[in-house]
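Letter by letter, the chains look like this.
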Amino acid sequence: MNLVLLFPSSSFALMHKRDAGRKGALGLKKFALLLTLMLLASSGWAKEAAPVAEDPEIERRMIALSEDLRCLVCQNESLAGSRADFANDLRREIREQMQANKSDKEIVDFLVARYGDFVLYNPPVKPTTVFLWFGPFIFLIIGAVILFVYLKRRRNQIEEPVLSEQQRKQAEALLKESKGNNA
Amino acid sequence: MMRFLLPLAAFIVLVGFLLVGLNLNPRQVPSPLIGKPAPDFQLEQLHESEKTLTSKENLGKVWLLNVWASWCVSCRQEHPVLVELAKSGIVPVYGLNYKDERDLALQWLRQFGDPYTVSVRDPEGRTGIDFGVYGVPETYVIDKNGVIRYKQIGPVTVEALETKILPLVKELQG
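From first to last, the protein sequence lines stand for chains D and F.
For the first sequence, full-length UniProt numbering assigns the number 1 to the initial residue and increments by one for each residue that follows.
For the second sequence, full-length UniProt numbering assigns the number 1 to the initial residue and increments by one for each residue that follows.
Hints in this document: simulated from the structure, not taken from any laboratory.
Watch out, some of these pointers could steer you wrong.
What the hints assert, rightly or not - So the derived label-pair ranges between C-beta atoms look like this: (1) D:Phe134 / F:Glu48: 20 to 28 Å; (2) F:Lys36 / D:Arg155: 55 to 63 Å; (3) D:Leu120 / F:Leu104: 34 to 42 Å; (4) D:Glu67 / F:Leu59: 37 to 45 Å; (5) F:Gln107 / D:Lys30: 44 to 52 Å; (6) F:Gly89 / D:Pro56: 50 to 58 Å; (7) F:Val13 / D:Glu177: 54 to 62 Å; (8) F:Val13 / D:Lys102: 40 to 48 Å; (9) D:Gln99 / F:Glu50: 24 to 32 Å.
Stated by the list, open to error - To spell it out: a stretch of chain F is covered by chain D in this simulated footprint if at least three of its residues, at any positions, have a beta carbon under 8 Å from a beta carbon of chain D; those stretches are: (10) 28 to 42; (11) 149 to 162.
All residues carry an ideal CB built from backbone N, CA and C; glycine is no exception.
Pulled out of the complex, with its shape left as it was, chain D reads as follows:
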C-alpha cells in the first residue's frame, strides 16, 4: 500500500489488480483517501503549466504576429506554434517589445535585421526573392506554351484527309450499292 501511495500517478487499475489478488477489494475509506491524494497530486502538477502573459491583448497581438514568422530551429513551424526553446525566447522578445509600445513593423524589422528574410513566411519582393515569388507563374506559362504547341501540332497531324475525285466516286458508288441492297 505504501508503495502505491508513493506513486500516485500509477494507474488505479494497476493498484486495484494488485490488491485484489491479495485480499479482495480496497476498503471504501481507504479508497476515498487514496482518491483524494491522487486528486491533490494532480492539482499540484497543474501549477507547472506555462504562465499566461499578464496582458491578454499583447498575447493576442504576439500570437497573431508570430503566426507569420518562421521558427529557425524547427523550420516548418511558425514561431507561434513551436515549442522550441529558441521560439520561446523570441516570443518573450516580441512580448517585451510590444509592452514597450513598438509597432508590429518595428518588431518584424528587428527580427529581419538579425535573422534575415528567412524568418518571414511572407517575404518582400526583392532581387533575391523574385524567383520565389514569380517562379511558379513562369513555370505555369512554360507549361501552357508547351500544351498549346503540342495540341496545335496534334490537330495538324489528324487533319481530315482530302478525297481525290476518283476516291469520291468510288465512295458514292459504294453508298448507292448498299442503299439498293437495303431497299
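Since the structure of chain D is already known, use the hints to place chain F on it.
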C-alpha cells in the same frame, strides 16, 4: 528525334534542380549581419563575475566569438579544435556562454579545457538574439573595425578552420 530529346532535356534539368537541392542545407540560414558591425554588448565574465566585457574592448584586433553551452553536444565535437587554435595563438577566441548555468559552464571548461581568452555569460540568450544566434555552436569572425565578416553555423571543423576561417583571419590581420 525531338520527341526524345525534349523530355530528356526536361529530365536533366529536373535532376539538376534535385541535385542542387540535395546539397543545400536548410539549417544554414545566411546571416544578414555579415558585413555589419557586431552588436554592442556588455556582459558579465564567466570566471570573474564582478568584471564585464564589452564588444568595444576588442576594437583594433581580429577576434573570434564562439557561442557555446555546457548542454550543447556539438560543442564537445568542436572543442578540441578551438583548444588547438587557442594554443597556436593565431587569433584570440572569446566565448559567449549561451543560456547556461555558471557552475555547469565552469565545470565543463575544467573538464574539456578552456580555449577562451574571456568567456562572457548570456543566461537569457538576449545577446544571442542580437547576434542572430539560433543554435549552438556558432562562431563569428570579427575584424579590427568590429565588423562581422563570417559566421560558422554548427561546429568549427578542422576543414572549416583551414579553408575558411584561418585564411580570412590572416587576410583581415594583414
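Outcome of the hint check:
About 56 Å separates the C-beta atoms of phenylalanine 134 of chain D and glutamate 48 of chain F, a value inconsistent with the hinted range of 20 to 28 Å. Remark: the range hint 55 to 63 Å for lysine 36 of chain F to arginine 155 of chain D is upheld by a beta-carbon distance near 59 Å. At roughly 35 Å, the beta carbons of leucine 120 of chain D and leucine 104 of chain F sit within the given window of 34 to 42 Å. One distance hint, 37 to 45 Å for the beta-carbon pair glutamate 67 of chain D and leucine 59 of chain F, holds here, with the actual separation near 41 Å.
The given range of 44 to 52 Å is respected by glutamine 107 of chain F and lysine 30 of chain D, whose C-beta atoms sit roughly 47 Å from each other. The hinted window of 50 to 58 Å between glycine 89 of chain F and proline 56 of chain D holds, with their beta carbons roughly 56 Å apart. Separation of valine 13 of chain F from glutamate 177 of chain D is about 59 Å and conforms to the stated range, judged on CB atoms against 54 to 62 Å. Between valine 13 of chain F and lysine 102 of chain D the Cβ separation comes to about 46 Å, which falls inside the hinted range of 40 to 48 Å.
In this structure, glutamine 99 of chain D and glutamate 50 of chain F meet the distance hint of 24 to 32 Å, their C-beta atoms being roughly 31 Å apart. Coverage of the segment 28 to 42 of chain F by chain D holds. Counting CB-CB distances below 8 Å, 5 residues qualify, and the rule asks for three or more. With a threshold of 8 Å between beta carbons, the proposed coverage of the segment 149 to 162 of chain F by chain D is violated, since 0 of its residues qualify and at least three are required.
In the structure shown, a violation is registered for the earlier hints numbered 1 and 11, in ascending order.
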